[in-house]
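If you're matching them up, the sequences are chains A and B in order. For what it's worth, this note's numbering labels the leading residue of the first sequence as 14, then goes sequentially. For what it's worth, this note's numbering labels the leading residue of the second sequence as 22, then goes sequentially.
If you are wondering where the hints come from, they were derived from the structure by calculation, not from laboratory data. Please note that the accuracy of each hint is not assured.
Simulated pairs of lysine-lysine, DSBU-like, Cα-Cα distance not exceeding 30 Å [claimed, not checked]:
| id | chain 1 | residue 1 | chain 2 | residue 2 |
| --- | --- | --- | --- | --- |
| 1 | A | 77 | B | 63 |
| 2 | B | 63 | A | 49 |
| 3 | A | 49 | A | 64 |
| 4 | A | 30 | A | 77 |
| 5 | B | 63 | A | 64 |
| 6 | A | 49 | B | 99 |
| 7 | A | 69 | A | 81 |
| 8 | B | 63 | A | 51 |
| 9 | A | 69 | B | 63 |
| 10 | A | 30 | B | 63 |
| 11 | A | 40 | A | 69 |
| 12 | B | 78 | A | 51 |
| 13 | A | 64 | A | 30 |
| 14 | A | 30 | A | 51 |
| 15 | A | 51 | B | 99 |
| 16 | B | 63 | A | 40 |
| 17 | A | 49 | A | 77 |
| 18 | A | 73 | B | 63 |
| 19 | A | 40 | A | 77 |
| 20 | B | 78 | A | 40 |
| 21 | A | 81 | B | 63 |
| 22 | A | 51 | A | 73 |
| 23 | B | 78 | A | 49 |
| 24 | B | 78 | A | 64 |
| 25 | B | 104 | A | 51 |
| 26 | A | 30 | A | 69 |
| 27 | A | 81 | B | 78 |
| 28 | A | 64 | A | 77 |
Bear in mind the structure is a predicted one, so any value in this text is a computation, not a measurement.
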Amino acid sequence: SQELEQSPQSLIVQEGKNLTINCTSSKTLYGLYWYKQKYGEGLIFLMMLQKGGEEKSHEKITAKLDEKKQQSSLHITASQPSHAGIYLCGARGGANNLFFGTGTRLTVIP
Amino acid sequence: EPEVTQTPSHQVTQMGQEVILRCVPISNHLYFYWYRQILGQKVEFLVSFYNNEISEKSEIFDDQFSVERPDGSNFTLKIRSTKLEDSAMYFCASSGLGPGNTQYFGPGTRLTVL
Numbered sequence: 014s015q016e017l018e019q020s021p022q023s024l025i026v027q028e029g030k031n032l033t034i035n036c037t038s039s040k041t042l043y044g045l046y047w048y049k050q051k052y053g054e055g056l057i058f059l060m061m062l063q064k065g066g067e068e069k070s071h072e073k074i075t076a077k078l079d080e081k082k083q084q085s086s087l088h089i090t091a092s093q094p095s096h097a098g099i100y101l102c103g104a105r106g107g108a109n110n111l112f113f114g115t116g117t118r119l120t121v122i123p
Numbered sequence: 022e023p024e025v026t027q028t029p030s031h032q033v034t035q036m037g038q039e040v041i042l043r044c045v046p047i048s049n050h051l052y053f054y055w056y057r058q059i060l061g062q063k064v065e066f067l068v069s070f071y072n073n074e075i076s077e078k079s080e081i082f083d084d085q086f087s088v089e090r091p092d093g094s095n096f097t098l099k100i101r102s103t104k105l106e107d108s109a110m111y112f113c114a115s116s117g118l119g120p121g122n123t124q125y126f127g128p129g130t131r132l133t134v135l
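Construct the complete structure from the given sequences, taking the supplied hints into account.
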């Protein structure tokens, strides 16, 4: 079965620093989704990537999907305390369901 | 901006009791989902629902679980006889048609089974 591995599992950065979170799949990805989850809350959609080599940005967050469509990265530029949370990558499993990685917990120190 | 809502936010129940978790998906969405997240673990898919029937379900979604769209707006998850291991955060999500359509999640219902 397909698995999503995220690294690092947790990350502590000083405010203003850049950071990257990685998501690696054992098989080709058909739709890669990034969500953010605050502790005990719901998942907030960030971005979706479908094509190999695709890159999308929203505010200070950039997500990329590699050409082989097996790895994605999420990059945050000039991190702020509002970026703190758990970042989850998700991919399409069956017809419509998503399966998720274990998440990366980001702490931003002011 | 439209959003998925869920009630209650927290439900405490005794083992063996039935619980119903409620969701109001985004109004023009046609696919509805339930996921769960046991504390400290991954978010796991339970079931998807389209055109008034289950379109896909996971191994977790056994005979103790059922889903229903009782009217034009609500989508419910029923657990018939709760077990301790059903304690988790339950998320409802909805999406439009098509494989690329994004799933939008509700804030979740925290279910605690005592």
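Which of the stated hints cannot be reconciled with the structure, identified by number in ascending sequence?
As far as the earlier hints go, not one is violated by this structure.
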